[in-house]
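Engineer: Sequence:
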Amino acid sequence: MDASKVYLRDFLGLILVILSVLALLGAIFDVLAVLNYVSDEKARASVYLHESLPLLICILPTFIIAKIINRPSWIIGSEDYRLMMAKKMH
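When we follow numbering that gives the first Met the number 0, the leftmost residue of the sequence shown carries the number 0, and every step to the right adds one.
Derived from the structure by calculation, the hints contain no laboratory data. Be careful, since some hints might not be right.
[As the list claims (entries may be wrong)] With a straight-line Cα cutoff of 16 Å, these simulated EDC-like cross-link-like pairs (lysine to aspartate or glutamate) come out: (1) Lys4 - Asp79; (2) Lys66 - Asp9; (3) Lys87 - Asp1; (4) Lys4 - Glu78; (5) Lys66 - Asp79.
[What the hints assert, rightly or not] Ranges between beta-carbon positions, derived for each pair: (6) Ile17 - Lys87: 46 to 54 Å; (7) Met88 - Ala65: 45 to 53 Å; (8) Ala85 - Ala65: 46 to 54 Å; (9) Val33 - Ser3: 38 to 46 Å; (10) Met84 - Ala42: 14 to 22 Å; (11) Ile14 - Leu34: 25 to 33 Å; (12) Leu24 - Pro71: 29 to 37 Å; (13) Pro71 - Ser38: 28 to 36 Å; (14) Met83 - Phe10: 16 to 24 Å; (15) Ala85 - Ile17: 22 to 30 Å; (16) Lys86 - Leu34: 12 to 20 Å; (17) Leu34 - Ile58: 18 to 26 Å.
We put the CB at the ideal spot given by N, CA and C, even for glycine.
Construct the complete structure from the given sequences, taking the supplied hints into account.
Structural biologist: In structure tokens, the structure reads:
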């Protein structure tokens, strides 16, 4: 594995974290929408629901990216590359 693939895996990991946070924010908006709906504030519930739907779309790419970066060949390759670079430094 070369440096570009290691950096690509790190970049995909960063995107994974960002998408996970956005999906969590969408779930929080859904909870707020349900709480507002139960307390008879349907206008606010509608706003929270409309705000949460685009954020919940982030769930699917999160699972896809997690499956891609957790392939055993990528994990072994990136660890081997980092060990090789650490040995070159010393």
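Engineer: Determine for every hint whether it applies to the structure shown.
Structural biologist: Going down the list of hints, with the structure as the test:
Taking the CA atoms of Lys4 and Asp79, the gap is near 12 Å; set against the 16 Å cutoff, the hint holds. Of the supplied pair hints, the one linking Lys66 and Asp9 holds, its CA atoms being roughly 14 Å apart against a limit of 16 Å. For the hint pairing Lys87 with Asp1, the CA-to-CA distance comes to about 14 Å; that is within 16 Å, so the pair holds. Our distance criterion of 16 Å between C-alpha atoms is met by Lys4 and Glu78, whose separation comes to about 12 Å.
For the hint pairing Lys66 with Asp79, the CA-to-CA distance comes to about 20 Å; that exceeds 16 Å, so the pair is violated. For Ile17 paired with Lys87, a C-beta distance near 32 Å fails the hint of 46 to 54 Å. Between Met88 and Ala65 the beta carbons are some 30 Å apart, a value that contradicts the proposed interval 45 to 53 Å. Roughly 26 Å separates the CB atoms of Ala85 and Ala65, a value that falls outside the hinted 46 to 54 Å.
Between Val33 and Ser3 the beta carbons are some 45 Å apart, a value that agrees with the proposed interval 38 to 46 Å. Distance hint check for Met84 and Ala42: the Cβ-Cβ separation is about 57 Å, which falls outside the suggested range of 14 to 22 Å. Checked against the hint of 25 to 33 Å, the C-beta distance between Ile14 and Leu34 comes to roughly 31 Å, which is consistent with it. A C-beta distance of roughly 32 Å is found between Leu24 and Pro71, which places it inside the suggested range of 29 to 37 Å.
About 49 Å separates the C-beta atoms of Pro71 and Ser38, a value inconsistent with the hinted range of 28 to 36 Å. Checked against the hint of 16 to 24 Å, the C-beta distance between Met83 and Phe10 comes to roughly 20 Å, which is consistent with it. Distance hint for Ala85 and Ile17: a CB-CB separation of about 28 Å, consistent with the stated range 22 to 30 Å. The hinted range of 12 to 20 Å is not satisfied by Lys86 and Leu34, whose Cβ atoms lie roughly 56 Å apart.
Take Leu34 and Ile58: their Cβ atoms lie about 21 Å apart, and the range 18 to 26 Å holds.
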